[in-house]
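A.B. asks: Sequence:
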Amino acid sequence: MNRFKTSKFKNTTPKIAKKDGWINGVRGGGSFPCQGKRIKASAELVAFNTDQAGGGVLGLTSTKPAADGQWRVTHISCHSDLVTDLDFSPFDERLLATCSADETVKLWRLCDPELQQPPEPELTLGAGQGRPDLLLFHPTSSRLLAVGAAKRLLLWDTDRRQAPLAVLEEHADQLQSLSWKMDGSLLASTCKDKILRVFDPRAQLKAVQSAACLQSHKDSRMLWAQDDFLLTTGFDKIHNREVRLWDGRNLTSSVRSQTFGASGGTLIPLLDADTSLLVLAGMGDTAADCLELSTSEPYLSKVSHCVSDLATRGVTAVPKLALDVMSCEVMRVLQLTDSCIVPISYQVPRKNCGHDFHADLYPDTAGVSPAMAAAEWWRGGNKQVDKVSLHPDKRPRKHGGSGERKDTVSGPPAFNEPPASSGPPASSERPAPPLSTPDGSAADSFCPSSTLDFIPSPSPGQAAKAFHNFLGSSSKFRHIQGTVLHRDTHITNVRNLNLTTPGECDDFCVNHQRVAVPLATSGGQIAVFERSRPGKLPDAALPTIQNSVNVADLCWDPFDTHRLAVAGEDSKIRVWRVPERGPQETLTEPELVLRGHTEKIYSIKFHPLANDLLASSSYDLTVRLWNLREGRQVQLLTGHRDQVFCMAWSPDGKLLATVCKDGKIRVYDPRKSDAPLQEGPGPEGHRGARVLWVCEGRHLLVSGFNSRSERGLYLYSVASLCSGAVVSVCVDVSPSTLIPFYDPDTGLLFLSGKGDTRVRIYQLLPEEPYFVECTAFNSAEPHKGLAFLPKSECNVRDVEIATALMLTKTTVEPVVFKVPRVRKEFFQDDLYPDTPACWEPALSASAWLSGSDGRHRKISMRPADMTPVSQAPKEAPARKYMPSSFYLEQKSDEQKKEELLVAMVAKLGNMDEPLPQDSFQGVDDDEWDD
Numbered sequence: 020m021n022r023f024k025t026s027k028f029k030n031t032t033p034k035i036a037k038k039d040g041w042i043n044g045v046r047g048g049g050s051f052p053c054q055g056k057r058i059k060a061s062a063e064l065v066a067f068n069t070d071q072a073g074g075g076v077l078g079l080t081s082t083k084p085a086a087d088g089q090w091r092v093t094h095i096s097c098h099s100d101l102v103t104d105l106d107f108s109p110f111d112e113r114l115l116a117t118c119s120a121d122e123t124v125k126l127w128r129l130c131d132p133e134l135q136q137p138p139e140p141e142l143t144l145g146a147g148q149g150r151p152d153l154l155l156f157h158p159t160s161s162r163l164l165a166v167g168a169a170k171r172l173l174l175w176d177t178d179r180r181q182a183p184l185a186v187l188e189e190h191a192d193q194l195q196s197l198s199w200k201m202d203g204s205l206l207a208s209t210c211k212d213k214i215l216r217v218f219d220p221r222a223q224l225k226a227v228q229s230a231a232c233l234q235s236h237k238d239s240r241m242l243w244a245q246d247d248f249l250l251t252t253g254f255d256k257i258h259n260r261e262v263r264l265w266d267g268r269n270l271t272s273s274v275r276s277q278t279f280g281a282s283g284g285t286l287i288p289l290l291d292a293d294t295s296l297l298v299l300a301g302m303g304d305t306a307a308d309c310l311e312l313s314t315s316e317p318y319l320s321k322v323s324h325c326v327s328d329l330a331t332r333g334v335t336a337v338p339k340l341a342l343d344v345m346s347c348e349v350m351r352v353l354q355l356t357d358s359c360i361v362p363i364s365y366q367v368p369r370k371n372c373g374h375d376f377h378a379d380l381y382p383d384t385a386g387v388s389p390a391m392a393a394a395e396w397w398r399g400g401n402k403q404v405d406k407v408s409l410h411p412d413k414r415p416r417k418h419g420g421s422g423e424r425k426d427t428v429s430g431p432p433a434f435n436e437p438p439a440s441s442g443p444p445a446s447s448e449r450p451a452p453p454l455s456t457p458d459g460s461a462a463d464s465f466c467p468s469s470t471l472d473f474i475p476s477p478s479p480g481q482a483a484k485a486f487h488n489f490l491g492s493s494s495k496f497r498h499i500q501g502t503v504l505h506r507d508t509h510i511t512n513v514r515n516l517n518l519t520t521p522g523e524c525d526d527f528c529v530n531h532q533r534v535a536v537p538l539a540t541s542g543g544q545i546a547v548f549e550r551s552r553p554g555k556l557p558d559a560a561l562p563t564i565q566n567s568v569n570v571a572d573l574c575w576d577p578f579d580t581h582r583l584a585v586a587g588e589d590s591k592i593r594v595w596r597v598p599e600r601g602p603q604e605t606l607t608e609p610e611l612v613l614r615g616h617t618e619k620i621y622s623i624k625f626h627p628l629a630n631d632l633l634a635s636s637s638y639d640l641t642v643r644l645w646n647l648r649e650g651r652q653v654q655l656l657t658g659h660r661d662q663v664f665c666m667a668w669s670p671d672g673k674l675l676a677t678v679c680k681d682g683k684i685r686v687y688d689p690r691k692s693d694a695p696l697q698e699g700p701g702p703e704g705h706r707g708a709r710v711l712w713v714c715e716g717r718h719l720l721v722s723g724f725n726s727r728s729e730r731g732l733y734l735y736s737v738a739s740l741c742s743g744a745v746v747s748v749c750v751d752v753s754p755s756t757l758i759p760f761y762d763p764d765t766g767l768l769f770l771s772g773k774g775d776t777r778v779r780i781y782q783l784l785p786e787e788p789y790f791v792e793c794t795a796f797n798s799a800e801p802h803k804g805l806a807f808l809p810k811s812e813c814n815v816r817d818v819e820i821a822t823a824l825m826l827t828k829t830t831v832e833p834v835v836f837k838v839p840r841v842r843k844e845f846f847q848d849d850l851y852p853d854t855p856a857c858w859e860p861a862l863s864a865s866a867w868l869s870g871s872d873g874r875h876r877k878i879s880m881r882p883a884d885m886t887p888v889s890q891a892p893k894e895a896p897a898r899k900y901m902p903s904s905f906y907l908e909q910k911s912d913e914q915k916k917e918e919l920l921v922a923m924v925a926k927l928g929n930m931d932e933p934l935p936q937d938s939f940q941g942v943d944d945d946e947w948d949d
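Here the sequence shown is numbered in the numbering used here, starting from 20 and rising by one per residue.
Some hints here could point you the wrong way.
[As the list claims (entries may be wrong)] With a straight-line cut-off of 27 Å between C-alpha atoms, the simulated BS3-like cross-links for lysine-lysine are:
id: 1; residue 1: K200; residue 2: K34
id: 2; residue 1: K402; residue 2: K34
id: 3; residue 1: K83; residue 2: K37
id: 4; residue 1: K803; residue 2: K680
id: 5; residue 1: K211; residue 2: K225
id: 6; residue 1: K843; residue 2: K828
id: 7; residue 1: K591; residue 2: K402
[What the hints assert, rightly or not] Quick list of the computed label-pair ranges, beta carbon to beta carbon:
id: 8; residue 1: W858; residue 2: L655; range: 53 to 63 Å
id: 9; residue 1: P317; residue 2: V841; range: 39 to 49 Å
id: 10; residue 1: N814; residue 2: H324; range: 48 to 58 Å
id: 11; residue 1: A182; residue 2: D751; range: 43 to 53 Å
Simulated from the structure, these hints should not be mistaken for lab results.
Computed from a prediction, not measured in an experiment: that's the story for all the values here.
Ideal placement from N, C-alpha and C gives every residue a C-beta, glycine not left out.
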């Protein structure tokens, strides 16, 4: 029997918002060392540290997207030096306090991100008090602020601007963290001298308790937990990260400690006082742990573990009044990364979630009206903040327009609810009051801005719908499954792979018959494997193609499975003819050699429609077109000022797009001009990029790097290339360029880099949200390359929508991507539109060069013996059997007794029938022996 009581929060599940729910356009301030918070949220706004202007600029956004579904991010130049800490007032969601290395503390009254922010703060404090590293608003009193400056701890009443309200005992070293007790009576601090101190500022300026609670002078964090308990995070003597729980009445020893390994930065604790849920996220980590805290054994109980793709630069919890209670959301954490803010929602699985309010999960929580002013608290007041209900129908509301302060406040709207219209207040409305009265005296009570119109809470149905929208758009390909086929289909024992091919090369190329792989042996050798003969390759040397020089790029002719074009480092292109069953001996004489480039060639591409037409790019900063039938150059494209990373033909074969190291994307019409038709800005990074045409040729997709060397995707409108990317998505941090493959039939985009173990999959849309993330495929080991086969190789009977070959260090393995479907006996015509016969040329090179255009014929992928699922007969709905209690409730007691008696008799059998032994024949009496 379990000795501990089961918690209702034990199954709390973290849900990371889909990428279209992330707040992008963020430059998280992760490069500056500081003790304070890097991100903080109120019920309406989110402020975060940035790397801009030496760290003196804050980013600002809202806790919900705008009416158009987009997040608005703006920036405020707050200080002349690094912002070291920031905090929102618990009683005014638009009042932000900041402190900086410029030795000032400033209070800002903020507007919506769409509006212009105030150029000057409402109040500046602390000049001449030393560098402030920490600040924290009081939990029950308005206008009261604790500031940690160097080794000193100061209390400021913002109405008394001339000097601090109190200066507490000086610490022996730098302050590392501050925390008010929940009732506001005590203030605790941790210091680099490894001592935890507890102050009662109204009783004495010296610490009422102090103890050497920390084992390392490295960075630490601390907060007040339930009752008199304190929680600290730091490092032990062997530099393992640890969490310790202390009884604030006796700091001689901790009541519980738990270690979390040596890797990563300081654990940042986020505690929800109502549910006792504790989230721990380490600086630089990609994971966060959720625990439940109690004041008795076992003290700390593991609830969940959450892993994201991006490193943490800071975390904060959204106030309780901003949660979507109808979706059983008990906590929401915002993860600040280098490029975005990721919302993580913690939800408790419950029946009727989205329709019913589960009161047991949501005790009354602290409201947003202060219990007293700072002066009253300093005189000994101990009033507590009034509690408010989180029930959508019971939350008290504040009605705008009267100009009078109400003691009640409504809850904020759900995730995606459009915000109230913003703009300057009407003349009849009184503007937000200043932080202090003109004469500097303290006001009797704090009055938040009366110009804010609070939005009524949504209905349960609206809340559920809004929360669903927040988690991301759905796709019929969302649950796509990637599977490596059986080992019998693998080509194994592949040896001597060339691991130094240029980044512009895909490392190998495939068609539906064979695979070509560059080898590391001398002479630029290329191995050719027949797909029809899988299995283990012999240890002996195989016949190869002897290219004479190292391979820069290679490509199969899409209309001739025997012709392979190879670009060499000697600025020549060699075209090879491969025999029917592959090389039986080493091939040394190419079918054709193309000369014209003056520098190393690094990319070649066949035309998608015209036969015998090839494009090549070189370090001589030119792109050349070749007629292979005539063996000559037919066009020279100029305009590049640096290395061409990649080029791509448009689906109709009319245009050619390039992405260049000079940061430009260019579109050419090769038959009309050798100069670019359009030019626009590309990715900021210069480590490599790929480009391809998507969405029926209306958009260009570029995979590249940003200025911080993060891999990203950029979508451009071909009609307005000069306007820049329509949307960009940060993917992750890795040195290899993401190589994209696009399926125009389904709109699916497959992304994988050299050395990756994950193939990311998105469905591309020509309108918002543009990128819909699908289930990724993970391989057992890093792969060197991934090449896709024509659509005709897909097994539609097994609902395969893409087939690829994966190159590893020693194998070539087929990978199929399937969509789970129930009625697989029918042809899934919603997944398989008629596909172009891309293996057949539409016209010749000479016809295309003369101005003709062609188009692939389209074919159906439906086998003759399969019926389209759209024409399948409708299945009869499954009969729903009601429980026996339903039928019993419809009958009287006498009927129930009669039915029960009949059932018992039927089970025992008919008692009037003769027994089996009655039919046995015996003997006569005279036959018995005497």
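A.B. asks: Of all the hints numbered above, which does this structure not satisfy? Sort the numbers upward.
C.D. replies: 1, 2, 6, 7, 8, 10
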